[in-house]
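K.L.:
Each chain, written out:
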Amino acid sequence: MTTAVHQLDDGAWISVNDSREVNVSNLWLLAESDVCGCELVDFLAEGFVDVGVDHPNIQAKVAGQCISCGQSGVTDWLTVGRVIDPETGEFSGVELSSVHLPSKSTQRSRG
Amino acid sequence: MPTKVENWKDELYGNEIREHLFEFAEQGWDAIPDDEHDAWFERFKWWGLYHQRKGQESYFMMRIGTPNGVLEPGQLEVVAEVADEFARGPEENPEFGEAYCDWTTRQSIQLHWIKLEDIPAIFEKLESAGLDTQQACGDSWRNIVGCPVAGKDEHEHIDAWPIAEELHETFKGNDDYVNLPRKWKVSVTGCDEGCGQGDINDLAYEPAVKEIDGEEVVGFNIRVGGGLSRKEPRMARDLDVWVPPEQAADIGHGMSALFREYGDRDDRFNARIKFLVDEWGTEKMRDVLQEEFVDFELHSAGEDMRDQYTYNAGNGEHGDHVGVHEQPDGNYYVGLNVLVGRMGVEDTYELADLANEYGSGEVRLTQRQNIIVTDIPESELDAFLDEPLLETYEPDPHPFMRGSIACTGTEFCSLSIVETKNRQVRYARWLKDNVDVPSGVQDFHIHLSGCTASCAQPQIADISLRGMKTRKDGEPVEALDIGLGGGLGENPHFADWIEMRVPADEVPGYIENLLATYEDERAEGQTFREFIAERDEETLQELADPKETDYEDPYMHNTKMTWYPYAEDDDMADSPAPTDGEGKPIAPADD
Numbered sequence: 001m002t003t004a005v006h007q008l009d010d011g012a013w014i015s016v017n018d019s020r021e022v023n024v025s026n027l028w029l030l031a032e033s034d035v036c037g038c039e040l041v042d043f044l045a046e047g048f049v050d051v052g053v054d055h056p057n058i059q060a061k062v063a064g065q066c067i068s069c070g071q072s073g074v075t076d077w078l079t080v081g082r083v084i085d086p087e088t089g090e091f092s093g094v095e096l097s098s099v100h101l102p103s104k105s106t107q108r109s110r111g
Numbered sequence: 001m002p003t004k005v006e007n008w009k010d011e012l013y014g015n016e017i018r019e020h021l022f023e024f025a026e027q028g029w030d031a032i033p034d035d036e037h038d039a040w041f042e043r044f045k046w047w048g049l050y051h052q053r054k055g056q057e058s059y060f061m062m063r064i065g066t067p068n069g070v071l072e073p074g075q076l077e078v079v080a081e082v083a084d085e086f087a088r089g090p091e092e093n094p095e096f097g098e099a100y101c102d103w104t105t106r107q108s109i110q111l112h113w114i115k116l117e118d119i120p121a122i123f124e125k126l127e128s129a130g131l132d133t134q135q136a137c138g139d140s141w142r143n144i145v146g147c148p149v150a151g152k153d154e155h156e157h158i159d160a161w162p163i164a165e166e167l168h169e170t171f172k173g174n175d176d177y178v179n180l181p182r183k184w185k186v187s188v189t190g191c192d193e194g195c196g197q198g199d200i201n202d203l204a205y206e207p208a209v210k211e212i213d214g215e216e217v218v219g220f221n222i223r224v225g226g227g228l229s230r231k232e233p234r235m236a237r238d239l240d241v242w243v244p245p246e247q248a249a250d251i252g253h254g255m256s257a258l259f260r261e262y263g264d265r266d267d268r269f270n271a272r273i274k275f276l277v278d279e280w281g282t283e284k285m286r287d288v289l290q291e292e293f294v295d296f297e298l299h300s301a302g303e304d305m306r307d308q309y310t311y312n313a314g315n316g317e318h319g320d321h322v323g324v325h326e327q328p329d330g331n332y333y334v335g336l337n338v339l340v341g342r343m344g345v346e347d348t349y350e351l352a353d354l355a356n357e358y359g360s361g362e363v364r365l366t367q368r369q370n371i372i373v374t375d376i377p378e379s380e381l382d383a384f385l386d387e388p389l390l391e392t393y394e395p396d397p398h399p400f401m402r403g404s405i406a407c408t409g410t411e412f413c414s415l416s417i418v419e420t421k422n423r424q425v426r427y428a429r430w431l432k433d434n435v436d437v438p439s440g441v442q443d444f445h446i447h448l449s450g451c452t453a454s455c456a457q458p459q460i461a462d463i464s465l466r467g468m469k470t471r472k473d474g475e476p477v478e479a480l481d482i483g484l485g486g487g488l489g490e491n492p493h494f495a496d497w498i499e500m501r502v503p504a505d506e507v508p509g510y511i512e513n514l515l516a517t518y519e520d521e522r523a524e525g526q527t528f529r530e531f532i533a534e535r536d537e538e539t540l541q542e543l544a545d546p547k548e549t550d551y552e553d554p555y556m557h558n559t560k561m562t563w564y565p566y567a568e569d570d571d572m573a574d575s576p577a578p579t580d581g582e583g584k585p586i587a588p589a590d591d
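Chains A and B supply the protein sequences, listed in that same order.
Under this note's numbering, the residue at position 57 of the first sequence is numbered 57, and the numbers go up by one with no gaps.
Under this note's numbering, the residue at position 470 of the second sequence is numbered 470, and the numbers go up by one with no gaps.
Careful: at least some of the hints might be erroneous.
[What the hints assert, rightly or not] Below are the EDC-like pairs computed for lysine to aspartate or glutamate, each with C-alpha atoms no more than 16 Å apart in a straight line:
| hint | chain 1 | residue 1 | chain 2 | residue 2 |
| --- | --- | --- | --- | --- |
| 1 | B | K4 | A | E32 |
| 2 | B | K210 | B | E297 |
| 3 | B | K4 | A | D50 |
| 4 | B | K183 | A | D10 |
| 5 | A | K61 | A | D50 |
| 6 | A | K104 | A | E32 |
| 7 | B | K172 | B | D250 |
| 8 | B | K432 | B | D382 |
| 9 | B | K172 | B | D132 |
| 10 | B | K54 | A | D18 |
| 11 | B | K231 | A | D10 |
| 12 | B | K4 | A | D10 |
| 13 | A | K61 | B | D267 |
Because the hints were derived from the structure by calculation, they are not lab data.
Since this is a predicted model, take the numbers as computed values, not measurements.
Here chain A stands alone, though its shape is the one from the complex (with noise of 0.2 Å):
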């Protein structure tokens, strides 16, 4: 099935296939982000700007800000979960735990 992907409810979630999936207000460990200049920007998300599928990656610009050092700003492509099933459109977000590299290239597709 064709993944459907869009923001809901003024950013605050992430709909995949029609399931609010990923939410805001989450801490995400970035490594080198253009956020701030903290070697590891612990990064509160406040609000996805935009989305999009990179097959069966799910991504996200996200606006929020880094709790460390207060600086606020949005992301590049960062990969919030993937589609693990095509079939049936399951989804498995990432490991909120990790470290993650947000990516400037763009994705094959816009949500």
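Mind docking chain B on chain A? Use the hints.
P.N.:
Okay, now just chain B, sitting in the frame of chain A:
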């Protein structure tokens, strides 16, 4: 490129959503195709229904729009009956019980745990009493707000209630304005105290006098582009337009048509008219309004009354409508404090009875989440004030109870980052029990908003609290940004954000320290707002430190990741949702 929401709205929006909603209700939750959930939930907002957050699937928040906050005789009882019968969820709230009503900062009513299957019966009951949910949410004219005692206020120069009613009647269900680029919030005020909070609305009518044909006429100056959301707060800006009362609706037509045609439909984050005012400036906006959207010559602005505004002006004169006040007809209105705007259903029934017994039966909701009982004869006043219910909903509350406002929070809301209402209840009680009120302070506004949407209007409070996260001992915990010195009045000012990412359990200690410093260091007679205003950011940051106290916060964990923050088993996996019309869990379909 139009957003997905715009595409969904193009396909179907407005009044016709209702018949689909009723069809789904008859067939049950499962009838909404899985791949159409997002589109339908977006559309249902237009009929006042927000699908609750993850973990609470199949349940809705229902908003009832009550223009100017006016509930006519008999309507409060109907609201209580609807809440009692239909707004009971699978778990109770430890502070407020199984069923309750929320009075909102835009003089509306919100009920939770509404099941899709019950909606036709609820609509029938509400509408038979003259109440409705139409356009209470969604991209259209929202509930009209204003001075909650319009028509019953000694300070008014023009009775704005008929104008609010006219706007409500004209723009509810009006096909020309059902689909705007974004929400459209309107305030109408006729008093000289500034109670309508026009400064934070998309379109504001404020009383002003204009000389017309040699006579001084009271009408309205028009302001546009106010709003608090998204860390982009704006005060409404003066359009240099005055209208007589009989042209108020014409300006409503013109301005909302301008917004409909020129608002940004490609980017919902940039869609509110405040951003169009930023882009154009008021001069261009006035020119476009004149040339394209009205067929009469616009008057320039009249003489306003803003130098008399006392409401939430920080001087302690008129912070709200709580207390006993005489009406021009010799009767009295009594404003009752409702802590964080939430009232249990049994109390709501009782208040409806009291309003019938002592007053006309009418009650009014304020933009400070409180409720006013009107039309009480002087001879009945003492007996009313002796009623036991008023020990809970006080007309003369402690300043920390009086000033507390909170939004919905993670209990139900998708946007919120932190738990709010129950936390603010605990804050207010702790502050009351532990912190000395600085001398002379009558009411002190502390607003807690769970996110930057700012539904609790944090930027116009003495102390502004906004949902955040931080780490404490390495673990993520709920936290708050703290702003200081916001308010309205002649010179409205948004709070300055001073302490960031304070763990939620250290906020009461911060406020205790801050108020002690204020008491010690203020000049004689200096208000809190003045005290904050005369200090620069660096000095403000040194005023007080957060600290742990004996205040206990049971909601420090990530409440957003629970299915319901107060459930004993609160893991998402323990959620009974989605449920059927009887509230029984719907088993997942077998593969």
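K.L.:
Regarding the pair K210 (chain B) and E297 (chain B), is the alpha-carbon distance no greater than 16 Å?
P.N.:
15 Å, holds
K.L.:
Against the 16 Å threshold, does the CA-CA distance of K4 (chain B) and E32 (chain A) hold or violate the hint?
P.N.:
32 Å, violated
K.L.:
Do the alpha carbons of K432 (chain B) and D382 (chain B) lie within 16 Å of each other, as the hint requires?
P.N.:
Violated, because 26 Å separates the two Cα atoms, which is more than 16 Å.
K.L.:
With a cut-off of 16 Å on the C-alpha distance, tell me whether K183 (chain B) and D10 (chain A) pass.
P.N.:
12 Å, holds
K.L.:
Under the criterion that the straight-line Cα-Cα distance not exceed 16 Å, is the pair K172 (chain B), D132 (chain B) satisfied?
P.N.:
Since the Cα atoms of K172 (chain B) and D132 (chain B) sit roughly 10 Å apart, the hinted pair holds (cutoff 16 Å).
K.L.:
Would the hint linking K4 (chain B) and D10 (chain A) be met if the CA-CA limit is 16 Å?
P.N.:
12 Å, holds
K.L.:
Given the proposed pairing of K61 (chain A) with D267 (chain B), does the C-alpha separation stay at or below 16 Å?
P.N.:
Distance of about 15 Å is within 16 Å: holds.
K.L.:
Take the C-alpha atoms of K61 (chain A) and D50 (chain A), compute the straight-line distance between them, and say whether it is at most 16 Å.
P.N.:
Roughly 5 Å between the alpha carbons, so the hint for K61 (chain A) and D50 (chain A) holds.
K.L.:
Checking one constraint from the list: CA of K54 (chain B) to CA of D18 (chain A), max 16 Å. Satisfied?
P.N.:
It holds: about 12 Å lies between the C-alpha atoms, which stays within 16 Å.
K.L.:
Quick one, are K4 (chain B) and D50 (chain A) close enough, alpha carbons at most 16 Å?
P.N.:
12 Å, holds
K.L.:
Hinted pair, alpha-carbon criterion (16 Å max): K231 (chain B), D10 (chain A). Please report holds or violated.
P.N.:
13 Å, holds
K.L.:
For the pair supplied as a hint, K104 (chain A) and E32 (chain A), confirm whether the alpha-carbon distance does not exceed 16 Å.
P.N.:
11 Å, holds
Checked against the numbered hints given earlier, this structure breaks hints 1 and 8; the rest are met.
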